[in-house]
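Asks: Residues per chain are reported as follows:
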Amino acid sequence: MKLQIEHFRIESVRWSSASRLEGRTLFLDIEELKNHILEDERIQSVEIKIYRLGDKARIVNIMDVIQPRCVVGDEGVDFPGFIGPICLAGSGRRKSLQGLAVIVTNPGTNRKYSAFLDMDGKCAELSKYGKTINLCIAPVGHADVPETEFEFAVRRAGFKTAVYLAKCAGDPAPDDTEVFDLDLPSVSKEKSSLPRIAYYYQLYSPQHDHRGISDPCFYGTDISYLLPTIVHPNEVLDGGIVGHSTVRSLDTYTIQNHGVIKELFRGHGKEFIFSGMVCGVANMEPLQRKRKAMMASSLLKNVLGVDGVILTKIHGGMPHVDVAMVSEESEKLGIKTVVFVQPLVSQGSLAATSLFSSEMVDAIIVVGATQEKIEIRFSPKEIFGGTEGTHLFTPDPFTQRASDELIVTEEFLIAGVHDHTGGARVIAKEY
Amino acid sequence: MSGVKFKVVHYINQFFGQIGGEDKADVGFSKKEGPVGPGMMIESLFDGWADVVATVICGDNYFTRDVEGNARKFIEMIKDYEPDLVIAGPAFEAGRYGVSCGAVCNAVTEELKIPAITGMYAENPGVDLSRGNAFIIKTGNSARNMSKDLSKMIRLALDILERRSADSFLTSDGIGSPEEYEYFPRGIIQNVLSDRTAAERAVGILLKKIRREEYKSELTLPRFDDIPSPAPILDPAKCAIAVVSDGGLCSKGNDAGLSGRGNAVWTTYPIEDFFSEDKGKEDYEVVHTGYFSVDVLDDVNRLVPIDVLKELVNEGKIGSIYPLYLCTSGNATVAKKCQVMGEGMARKLSEDGVDAVILTST
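Just so you know, the sequences run in chain order A and B. Residues 2 to 432, numbered by our numbering, are exactly what the first sequence covers, in order. Residues -9 to 352, numbered by our numbering, are exactly what the second sequence covers, in order.
Read the hints as simulated data drawn from the structure, not as lab findings. Beta carbons are placed, not taken as given, at the ideal position from N, Cα and C, and that holds for glycine. Some hints here could point you the wrong way.
[Said to hold, decoys possible] Quick list of in silico lysine-lysine cross-link-like pairs, DSS-like style, CA-CA up to 25 Å:
#1 192/A with 198/B
#2 326/B with 300/B
#3 129/A with 263/A
#4 129/A with 50/A
#5 190/A with 3/A
#6 199/B with 333/A
#7 168/A with 50/A
#8 263/A with 271/B
#9 199/B with 271/A
#10 382/A with 333/A
#11 103/B with 302/A
#12 271/B with 113/A
[Stated by the list, open to error] Just a sample of chain A residues kept apart from chain B, beta carbon distances all over 12 Å, derived:
#13 10
#14 23
#15 24
#16 26
#17 41
#18 179
#19 359
#20 421
#21 426
All chains should be built: construct the whole structure from the sequences, respecting the hints.
Replies: The following block contains the structure:
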């Protein structure tokens, strides 16, 4: 499978009567984009704005962040299963805009948690989206559209916007091209002295489902009951898998630039052989956990035949147990494992924060403490995606408003600070 | 650094304060202007950056008879100096001295909001007893290497004094790592930036592990006590059975003040009233941010199976239901706090003559 991503660097965006890319300036016909979004009958109106570093703006009720990308030529479909027909993602040419992100907000959300971002001050400094030009959309639904139905409409509007923007690029020479070329069947036959490495991607946990309804994030469907499944890593990079609807340090943009997958491509053929990946989910019941850990480790050992695996996890406490069990079962089969964890508290020793105990799980990466408390002092002149009265989550009491000058929050609620795919340099350490 | 010298207060025991040895360990507090004993070396190591403005001396026995009270007394004695930093000891392997130095430093950090540094040998009981906001530098076991150990303390002191107002990444206070400055971790976890991404670090460790080379895990898992299961109850029909749940099911209003995450509180509710049939969804609340609670609120027996237990009592299969439901919220609470809650619950149940407990979780 070969995926070729052509990058176009964007340095400014201007409104215009005709959407196009000139040099590094993207000219946008906002009316055309709005009409494109409003083709979805569930959406009554949509506000669109552009923010960049230094703007005194706070963006709230964020459901997703997306890198603008589109298919070039006839191989592939944009975000298959989400806005396009079902089609395998991961092969062909793509256009991708760098330095520009689509931020999708849902001003009418009833979710208790949703992410936010300030375009100036500490948030902007910490978040990778503080450095991008952000085209933000805020769709408003018709009164009779049920909540979940409208959330799907909002997510779709985000993907459609991302594709629309990338299509503006026309056909100039890209600034940079990345090629993800991995033929797994031939890799599996190859004789090599290099170690064979796989990736285990825990990509969903139903524990935070809003009103008990899982978010669709795999070719348009939800996957709460997914049995461990082998996919090609290119499918992940190419929109087959997207973020869930609460950001929680894992939005679509982050998945399109997946840290571990890109790192494994980088070292493939030089230090090791990247021999594929297995997707799994966190489970609510112990028996399911055991069953799926067995299946995942067997796929790694008996199907992919790897020597080692890197395992990442989704946000939350309980998913630690699942990922540790996959690690343990894999070690029992002789596969060396490295497991990602996130400390959930900021007190005590790192060891005391661990949510599992197994002598076999002995190589652990400590990504940031995503729930670390943080104080943000910022006076927004503008609030996008909500109103001054929009609640911003804080553990207790739940009284914080978007217009407050001092926001006490936890870092996972700021879009773009932490990254569960391993792409960030944040690490939690004992002091 | 500004041109003004930093002000340092030094705490030492009767021995280093040149009052006397073990025979003088009962002597109370005294205070001297300027440096005494190791304070001379501290001042010279600061090399003009700081003065030891006062030295407080106290006997080891005297101090450890009332650690908290004496730490407060120490604060009263020094606060008028408006110091920038307090140094205590170092205490090396001396246990009572270590405990005193640790208490002094923690009190200073908490009440005066200024840094405090002491030094101890790894096996000094003061290291574990006083782990908190204070910095405890790793020293040798005796005063033999006093100047080397003091230099480590001064090196950290200068670093902290320099950086106190500096901006730094995430919530880190910008202070150097325990490895770099050779101090015992204070029980504070902070996000900082590594020089490599988590993905790069993971590949590095995995390759070393596969090649059987030495690697360093970023977290070493704790070893938990192996607690054997108690013997099964022989005749449930004669037993009083209690129900304990960490699912966070409380009366509406959460009067006991449980937290939905990192909770350290447990409470009890009389079963007859709490699970009365007149109660409905609106009378309860689930204080727990780790699971989806709609199913529990629809029927609280799904979490705490009182309905079934009552049937079993009526059928004579179990003796009785202990009249209180013990309630807590178990979600990302550190193991030590869970242990404290567990011990409290177990004591209560055992005192009240409960024979067996059903624990339900989420």
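Asks: Please go over all the hints and tell whether each is borne out by the structure.
Replies: Here is how each hint holds up against the structure:
Note on residue 192/A and residue 198/B: the hinted pairing holds, with a Cα-Cα distance of about 21 Å set against a maximum of 25 Å. Between residue 326/B and residue 300/B, the direct Cα distance comes to roughly 34 Å. Violation of the 25 Å bound is thereby established for this hinted pair. For a cut-off of 25 Å, the pair hint linking residue 129/A to residue 263/A stands: about 17 Å separates their Cα positions. Proximity of residue 129/A to residue 50/A is assessed by CA-CA distance (about 19 Å); at most 25 Å being required, the pair is judged to hold.
Pair hint residue 190/A plus residue 3/A holds up; C-alpha atoms about 18 Å apart against a cutoff of 25 Å. The hinted pair formed by residue 199/B and residue 333/A meets the criterion: a straight-line CA distance of about 15 Å does not exceed 25 Å. Distance hint between residue 168/A and residue 50/A is fulfilled; the C-alpha atoms sit about 19 Å from each other, no more than 25 Å. For the hint pairing residue 263/A with residue 271/B, the CA-to-CA distance comes to about 49 Å; that exceeds 25 Å, so the pair is violated.
For the hint pairing residue 199/B with residue 271/A, the CA-to-CA distance comes to about 17 Å; that is within 25 Å, so the pair holds. For a cut-off of 25 Å, the pair hint linking residue 382/A to residue 333/A is broken: about 57 Å separates their Cα positions. For the hint pairing residue 103/B with residue 302/A, the CA-to-CA distance comes to about 55 Å; that exceeds 25 Å, so the pair is violated. Taking the CA atoms of residue 271/B and residue 113/A, the gap is about 20 Å. The hint holds against a cut of 25 Å.
The Cβ of residue 10/A sits about 22 Å from the closest Cβ of chain B, beyond the 12 Å cut-off, so the non-interface label holds. Separation of residue 23/A from chain B is adequate, the least Cβ-Cβ distance of about 34 Å exceeding the 12 Å criterion. With a least CB separation of 31 Å from chain B, residue 24/A remains clear of the 12 Å interface cut-off, as annotated. Non-interface status of residue 26/A relative to chain B is upheld: no Cβ of that chain comes within 12 Å, the nearest being about 31 Å off.
Every beta carbon of chain B lies more than 12 Å from that of residue 41/A, the smallest distance being close to 29 Å; the non-interface claim holds. No Cβ of chain B approaches the Cβ of residue 179/A within 12 Å, the least distance being about 16 Å, so the stated non-interface status holds. The Cβ of residue 359/A does not lie farther than 12 Å from every Cβ of chain B; its closest approach is about 7 Å, which violates its non-interface assignment. With a minimum CB-CB distance of about 9 Å to chain B, residue 421/A fails to clear the 12 Å threshold, and the non-interface call is violated.
For residue 426/A, the non-interface assignment is contradicted: its Cβ lies about 5 Å from the closest Cβ of chain B, within the 12 Å cut-off.
Of the numbered hints given earlier, the model fails hints 2, 8, 10, 11, 19, 20 and 21; all others are met.
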